[in-house]
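*Asks:* Could you put together the complete structure from these sequences and hints?
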Amino acid sequence: MAGKKMAIIATKGTLDWAYPPFILGSTAAALGYEVQIFFTFYGLQLLKKKMGLKVSPLGNPGMPMPMGMDKWFPVLFTAIPGMEAMMTAMMKSKMKSKGIATIEELRGLCQEADVKMIACQMTVDLFDFSPQDLIDGIEFGGASTFMAFAGESDICLFM
Amino acid sequence: MAGKKMAIIATKGTLDWAYPPFILGSTAAALGYEVQIFFTFYGLQLLKKKMGLKVSPLGNPGMPMPMGMDKWFPVLFTAIPGMEAMMTAMMKSKMKSKGIATIEELRGLCQEADVKMIACQMTVDLFDFSPQDLIDGIEFGGASTFMAFAGESDICLFM
Amino acid sequence: MAGKKMAIIATKGTLDWAYPPFILGSTAAALGYEVQIFFTFYGLQLLKKKMGLKVSPLGNPGMPMPMGMDKWFPVLFTAIPGMEAMMTAMMKSKMKSKGIATIEELRGLCQEADVKMIACQMTVDLFDFSPQDLIDGIEFGGASTFMAFAGESDICLFM
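Residue numbers (the numbering used here), protein chains in the order written: chain S, 1 to 159; chain H, 160 to 318; chain B, 319 to 477.
Simulated from the structure, these hints should not be mistaken for laboratory data.
Worth double-checking, as some hints may not be accurate.
[Claimed, not checked] Subject to a maximum C-alpha distance of 30 Å in a straight line, what follows is the list of computed DSSO-like cross-link-like pairs (lysine-lysine): (1) B:K323 <-> H:K251; (2) H:K213 <-> H:K163; (3) B:K323 <-> H:K164; (4) H:K171 <-> B:K372; (5) H:K171 <-> S:K116; (6) S:K4 <-> B:K323; (7) S:K54 <-> H:K171; (8) H:K209 <-> S:K94; (9) H:K163 <-> B:K323; (10) B:K372 <-> S:K4; (11) S:K5 <-> H:K163.
*Replies:* Shown next as structure tokens:
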């Protein structure tokens with residue numbers, strides 16, 4: 001598939017939604033695609049050196065609850081302090097037990113495969129991110145620059 | 160539109176977000192598109208024989224509340240047990256009164272129109288889904304297999 | 319980039335997710351793209367004359383909290399009445415202090431650049447929206463009409 005291009009706009013900053021851009025990005029790169037990911041809005045969290053991503057069951061009744069937790073904890077209790085940390089720990093443990101790579105590993109795979117990662121400059125300014133908190137080897141740019149690549153891509157996804 | 164292809168990645172597992180992949184998938188198929196939907200993450204819920212999908216108003220202030228409910232129930236109370244079930248029942252009733260097809264019906268339309276549905280094998284393993292809990296006639300595969308179709312598609316959407 | 323086309327399906331109705339369709343739509347139009355945005359589901363809120371959009375931290379641990387708010391307010395307290403209004407006011411104030419255009423301004427830019435905005439007729443019926451509550455100059459249509467444009471587009475995004 002020489003010459004194929006994939007453009008991804010990564011907008012979410014939670015543990016669960018961190019997987020799609022890095023899984024699809026590294027998969028496409030492995031298939032020979034030229035890949036660029038534009039990290040904007042909450043997605044900028046995925047470029048931090050120390051990510052500290054969390055997952056929340058709040059407002060997502062589509063999340064399968066391990067061990068029948070939904071039977072024991074009604075919606076209200078998913079809001080108690082500590083619940084988010086507990087769900088995050090459980091998801092990480094589940095991923096590990098199933099042999100699924102961590103977000104850090106998947107991001108590393110993307111870097112090794114020369115996936116171009118671009119931090120949205122407007123979001124960096126908006127959320128007062130410090131460039132030194134972000135990983136090395138990324139670029140900073142705007143939507144219009146990214147559009148040049150996206151307009152020539154074979155697959156363009158907003159995640 | 161002979162020869163046109165649409166690729167959908169369905170990642171959400173709630174009642175409201177179950178509509179877009181099945182509505183757009185069946186619409187495209189009716190227009191002559193070849194359609195493939197890749198169900199991954201929470202989207203795998205949409206392939207269950209018994210879906211039991213729910214909708215939550217939590218964290219979604221964009222949801223129009225029927226009968227001025229937002230005036231009567233401030234945010235906190237959308238978290239009380241039973242609220243999710245109530246909202247789900249109200250949305251289903253609303254859809255029915257407006258003559259909109261159910262998710263089961265729309266999924267059936269997709270099946271009749273030969274929309275190819277693929278369950279993400281990694282997610283099946285991760286969430287410990289039993290293949291016999293899923294509807295018949297689907298395939299199991301990975302992201303790289305799906306990419307072959309997506310890379311040739313005219314429309315590729317991540318939902 | 320004469321002749322390039324961008325198709326956007328806008329499905330979210332919150333303050334934060336109102337930015338992507340209008341920013342990318344106006345950016346693409348400025349680059350010479352022909353742009354169409356199909357507003358459906360909660361996205362229909364973005365076509366209201368009086369938008370009154372809100373943002374919620376609930377269920378989104380990826381949202382950077384200003385002033386270390388997440389240290390002071392654990393998850394439960396993000397659900398107290400008034401929190402949503404407070405977060406909304408803070409985000410608007412933040413955007414303003416950074417010189418970022420308001421949603422109203424970005425929507426105006428799209429209109430001036432002849433971005434075609436289409437309200438999903440099914441959603442208008444479903445949520446009982448009054449056409450007179452929506453801005454002037456828009457069209458009403460269905461998914462199949464929009465598909466004709468989307469199928470010819472260079473970039474098609476589901477937001």
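*Asks:* Of all the hints given earlier, name the ones this structure violates by number, lowest first.
*Replies:* 1, 2, 10
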